[in-house]
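Protein chains in written order, with our numbering: chain A, 14 to 128; chain B, 6 to 120.
Derived by calculation from the structure, the hints in this document are not laboratory data. Take these hints with a grain of salt, some might be off.
[Stated by the list, open to error] List of simulated lysine-lysine pairs, DSBU-like, C-alpha gap at most 30 angstroms:
1. B/60 - A/43
2. B/83 - B/112
3. A/26 - B/78
4. B/60 - B/75
5. A/43 - A/65
6. A/65 - A/26
7. B/60 - B/83
8. B/112 - A/43
9. B/112 - B/60
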Amino acid sequence: DAGVTQSPTHLIKTRGQQVTLRCSPISGHKSVSWYQQVLGQGPQFIFQYYEKEERGRGNFPDRFSARQFPNYSSELNVNALLLGDSALYLCASSSGMGFSTDTQYFGPGTRLTVL
Amino acid sequence: AQTVTQSQPEMSVQEAETVTLSCTYDTSESDYYLFWYKQPPSRQMILVIRQEAYKQQNATENRFSVNFQKAAKSFSLKISDSQLGDAAMYFCAYRSQNRDDKIIFGKGTRLHILP
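Using the sequences provided together with the hints, build the complete structure.
Quick look at the structure:
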């Protein structure tokens, strides 16, 4: 079975532009979460989507938005990019059932650089 | 709000020796999950070990074990018989026992294995 996949691998944008990152969860998983990992820091939770509904939101500005499609893949959109948005964006998938044994599996991430 | 603190930015250990990574957390919740994640250089984040707060017994996974002290809000990771492949960034992480998958990560400890 394929793991969590993310595209693109790397992305370079300039300030003020908009970016869309994509994530495909593990087959059978209905939950996708997005995290931002700034260099040298731990990941920070941005969003969780389960069954196409937003289940959780972190402390990020409205420039960040996401959605989940009927096939459970997800997109993260960031508008009006700032230099501080440069980071590794991680996607994680899980069954979404919330059990203690429900593991989140992380993708390889998308490295976004804002110039 | 919950917080996770890792006070050791970097650690080194000789191959085949034992090393302990420290983590403390703060929460007012009584039921939650704790994790240690491993992030090798330029590779995906993977789950090393998990602990349910309601379980008194410390979790073990092969060479990895934890020392969970609920009253002290301490959750350390012990790696026995360290191997070169253990070199990575290790993140201590917390998840509430509620509907969402939000994981709160510490800043990480970079572990170097000396041959």
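Status of each hint after checking the structure:
1. B/60 - A/43: Holds, at roughly 28 angstroms.
2. B/83 - B/112: Holds, because 18 angstroms separates the two Cα atoms, which is no more than 30 angstroms.
3. A/26 - B/78: violated (42 angstroms)
4. B/60 - B/75: holds (10 angstroms)
5. A/43 - A/65: holds (8 angstroms)
6. A/65 - A/26: holds (28 angstroms)
7. B/60 - B/83: Within the cut-off at roughly 18 angstroms; holds.
8. B/112 - A/43: Measuring from Cα to Cα gives roughly 28 angstroms; hence the hint holds.
9. B/112 - B/60: holds (25 angstroms)
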